[in-house]
Amino acid sequence: MKKNIKAVKPATKTSLITYAIVAVLFLIVIIMDATGAMSSLFRGLLVPICTYAILAVSLNLVVGILGELSLGHAGFMCVGAYASAFFSVLTEDTITNAWIRFPLALIIGGISAAIFGIIIGIPVLRLKGDYLAIVTLAFGEIIKNIVTVLYVGIDSKGLHFSAESSMALGLEPDGKNIIKGALGITGMPKDSNFYIAFAILLVTLIVAYNLVNSRSGRAIMSIRDNRIAAESIGINVTKYKLIVFALSAFFAGLAGVLYSHNLSSLTANTNNFGYNMSILILVIVVLGGIGSIRGSVISAIILTALPELLRSVKEYRMLVYAIVLIAMMIFNNSEKTKNLRSSISLKKFAEAKLKTRKGGTK
Amino acid sequence: MKKIIALLLSAILVLVCFASCGSTEEAGNANDEAVIRIGGIGPLTGDASVYGTAAMNGAQLAVNEINAAGGINGIKVEFRAEDDVHDAEKSVNAYNILKDWGMDALVGTVTSNPCIAVKDEAANDNIFLLTPSGTAVECIDVPNAFRVCFSDPNQGVASADYIADNAIATKIAVIYNSSDAYSTGIYEKFNAQAGVKGLEIVAAESFTADTKTDFSAQIQNIKNSGAELVFLPIYCQEASLILNQAKQAGLSVKFFGCDGLDGILSIENFDTSLAEGVMLLTPFSKDAQDEATQNFVKAYRENYDEETLNQFAADGYDAVYIIKAAAEKAGITADMSASEICDALKVAMTEISVDGVTGEGITWTADGEPSKAPKAVIIKDGVYTSMD
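Read top to bottom, the protein sequences are chains A and B. Here our numbering is used: the first residue of the first sequence is 1, the next is one more, and so on. Here our numbering is used: the first residue of the second sequence is 1, the next is one more, and so on.
Since the hints were derived computationally from the structure, they do not count as laboratory data. Glycine residues also receive a C-beta, built at the ideal position from the N, C-alpha and C atoms. Incorrect hints may appear among the rest.
[Stated by the list, open to error] In the BS3-like style, the derived pairs of lysine-lysine whose C-alpha atoms are separated by at most 27 Å in a straight line are:
| no. | chain 1 | residue 1 | chain 2 | residue 2 |
| --- | --- | --- | --- | --- |
| 1 | B | Lys197 | B | Lys171 |
| 2 | B | Lys380 | B | Lys171 |
| 3 | A | Lys176 | B | Lys197 |
| 4 | B | Lys254 | B | Lys197 |
| 5 | B | Lys76 | B | Lys346 |
| 6 | B | Lys254 | B | Lys223 |
| 7 | A | Lys314 | B | Lys76 |
| 8 | B | Lys346 | A | Lys190 |
| 9 | B | Lys171 | B | Lys247 |
[As the list claims (entries may be wrong)] Computed far set for chain B versus chain A, every beta-carbon distance over 12 Å:
| no. | residue |
| --- | --- |
| 10 | Gly74 |
| 11 | Phe79 |
| 12 | Lys247 |
| 13 | Leu251 |
| 14 | Ala344 |
| 15 | Asp355 |
| 16 | Pro374 |
| 17 | Asp381 |
Looking at chain A on its own, in the form it has when it is part of the complex (with noise of 0.2 Å):
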């Protein structure tokens, strides 16, 4: 058994220590759930909770394994969403079962964010630095923007698209509007639970660790940490940028679904796909710490449960929400943090490190 553990890398037991995290956080839920101690308000938070993690671990894919700044990946969910969420409203009728319905939507909802996620990408990824981050908040702005003048609907003879207003669709009697502009969709099957959201967020996190474990991962992380050189022993820079993007992209699109899928009402503002999203991903991934996946399930879940329990200070909770942010990450930046942290785990490791050579020379 202790060889065992001297067996294992030190990536591997990394990524064993954030599923054990999460399994016995998948415990608890089920637990309460059982013994009814769970509140409706947490009942209601479990999803978005999953979601926000996915999102996060697909960005830091994006910020903390390719090392550059994206600021545009609400643009991405807000595709998965708005694919998923239509596909969804079309065949409510036609497919009833929502064990059939729901993998398709999570299939063409993530499958439709990678590409839109290849073809930004490719212009995108010629750029650098600052000028990557502001070129990516310029695409997840248009893409929000397309979607609010978008109508689409859908009768006998067809889908019907317009930018101009529903009746410019020329929809005939029994026709249906289903993306309706500025109005969104609406209707949508209530399909997302915490159990398939628990799933896909587990899926996540063994493809990004994998990816992070592996050739493609150390090359990646090679082009973050001195591109030139990455170049001269013929990694191919443009190739691995654009796996990374595009698979950040498709999982931003899972996390899309679940979200258009828990809502009856989707619209496209600046709080759910503009901006603000994207920052407040990128928030959860800083505060989770740029690289480390586990972290960002953690501030995910934080982050997202922290305005709900701020709600007895009334008013002041997005002030008292932004400093308790910033304490947070003054905390966690701080040198004694840092020291305190590595004292723990260094006294934990020397420990394991002395009893297994202990049973080694028996």
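Got chain A; can you put chain B on it based on the hints?
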């Protein structure tokens, strides 16, 4: 020094956590008392906060009055307002908090889009929902949801009817906000009804949230189209700019608006003489001379800011009185569960007739739409005057 700051900040964090725990516990204990709990949801912070604050103030005012007069069927009423920042996701969270609190009926949500999300949750739990001002059609497409205000289509239809029936004009131009659900909703129905009533739409000009300051192109087009009347299904901020720029461009036509124009006279730096002769259909005007409105306006001014005294405040105020009327009709008692109350109120709503500040003799059909006559108002000598 650093240590002190760090300690202070962590202390705040801990305090806040405890404070929030404490409040939920209190709420849990209070569940045993015999009261009717009315929850309210609206944007109390953020861009749309003026609507939410007004509606929640109005509802609180009504609750205070009802409690002072002995409550509903002798049972005291408790009211709790939660913020949703005009966001569907936050609105569902707010709804869940109120559900944990033991809400018996919901006055909300104030804005349309969050309301569409919340009504599905309320339908699942079978909790009675009465939105003071959610105007989108989908807000109340479940059996347990009703509304106080007119729906967007109703305003469009009523406006076209009013213009045609009173022979105000036949050639009409429209300026609407294509990025706003309220504005497009009214315009689409107005357009359809205008065709039925034989009105001719000679120009339909749009703008978006990003281009809401310069209207010279739209005004020029309207001038060339020979319209006699401009229909403005928009909010008063943009309307004030349009009136100003129309004057400068020498466009002299009649202007007609919906309830969004209410409040145009209280916009800062707006020359109110420009609004002279503007007609609007609105369910509430704070200068109305009837006794109910006068009493409400007086009580509101005593308790809250003048800036939030608008039709949303009136809608919130009426919403609570409507619940009271329905609860009295249904004979609600304190030991009934929220679901039983909902079933009883659903039936009672179709049987009552309420005289409120947003209309007299308001009745409801089972689909939740109110039936009341819109009040047409014209701005004369700087005040709203009834046209009837």
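Hint check:
Straight-line distance between C-alpha atoms of lysine 197/B and lysine 171/B comes to about 12 Å, which keeps the hinted pair within the 27 Å bound. In summary, the hint linking lysine 380/B to lysine 171/B is supported, as the alpha carbons are separated by about 24 Å, within the 27 Å threshold. Between lysine 176/A and lysine 197/B, the direct Cα distance comes to roughly 25 Å. Compliance with the 27 Å bound is thereby established for this hinted pair. At most 27 Å may separate the alpha-carbon atoms for a hinted pair to count; lysine 254/B and lysine 197/B meet this at roughly 19 Å.
For the hint linking lysine 76/B to lysine 346/B, the alpha-carbon distance of about 21 Å falls within 27 Å, and the restraint holds. A C-alpha spacing of about 12 Å is found between lysine 254/B and lysine 223/B, which places the hinted pair at or below 27 Å, so the restraint holds. Using a Cα cut-off of 27 Å, the hinted pair lysine 314/A and lysine 76/B holds, with the two alpha carbons roughly 24 Å apart. Distance check on the hinted pair: lysine 346/B and lysine 190/A sit about 24 Å apart at the alpha-carbon level, within 27 Å; holds.
Only pairs whose Cα atoms come within 27 Å are accepted, and lysine 171/B paired with lysine 247/B is accepted, the gap being roughly 19 Å. Residue placement check: glycine 74/B keeps its beta carbon more than 12 Å from all beta carbons of chain A (closest about 29 Å). At the 12 Å boundary, the C-beta of phenylalanine 79/B stays outside the reach of chain A, the nearest C-beta of that chain being 14 Å off. Here lysine 247/B stays apart from chain A, with its beta-carbon at least about 28 Å from theirs, past the 12 Å limit.
Distance check on leucine 251/B: its Cβ is at least 24 Å (rounded) from any Cβ of chain A, clearing the 12 Å threshold; non-interface status holds. The beta carbon of alanine 344/B sits about 22 Å from the closest Cβ of chain A, which is more than 12 Å, so the claim that it is off the interface holds. The non-interface label for aspartate 355/B is consistent with chain A: the shortest C-beta to C-beta separation is roughly 33 Å, beyond 12 Å. Under the 12 Å C-beta cut-off, the non-interface status given to proline 374/B relative to chain A holds; the minimum distance is some 23 Å.
For aspartate 381/B, the requirement that its beta carbon stay farther than 12 Å from each beta carbon of chain A is met, with the minimum near 37 Å.
Figure legend: structure checked against the earlier numbered hints; every hint is met.
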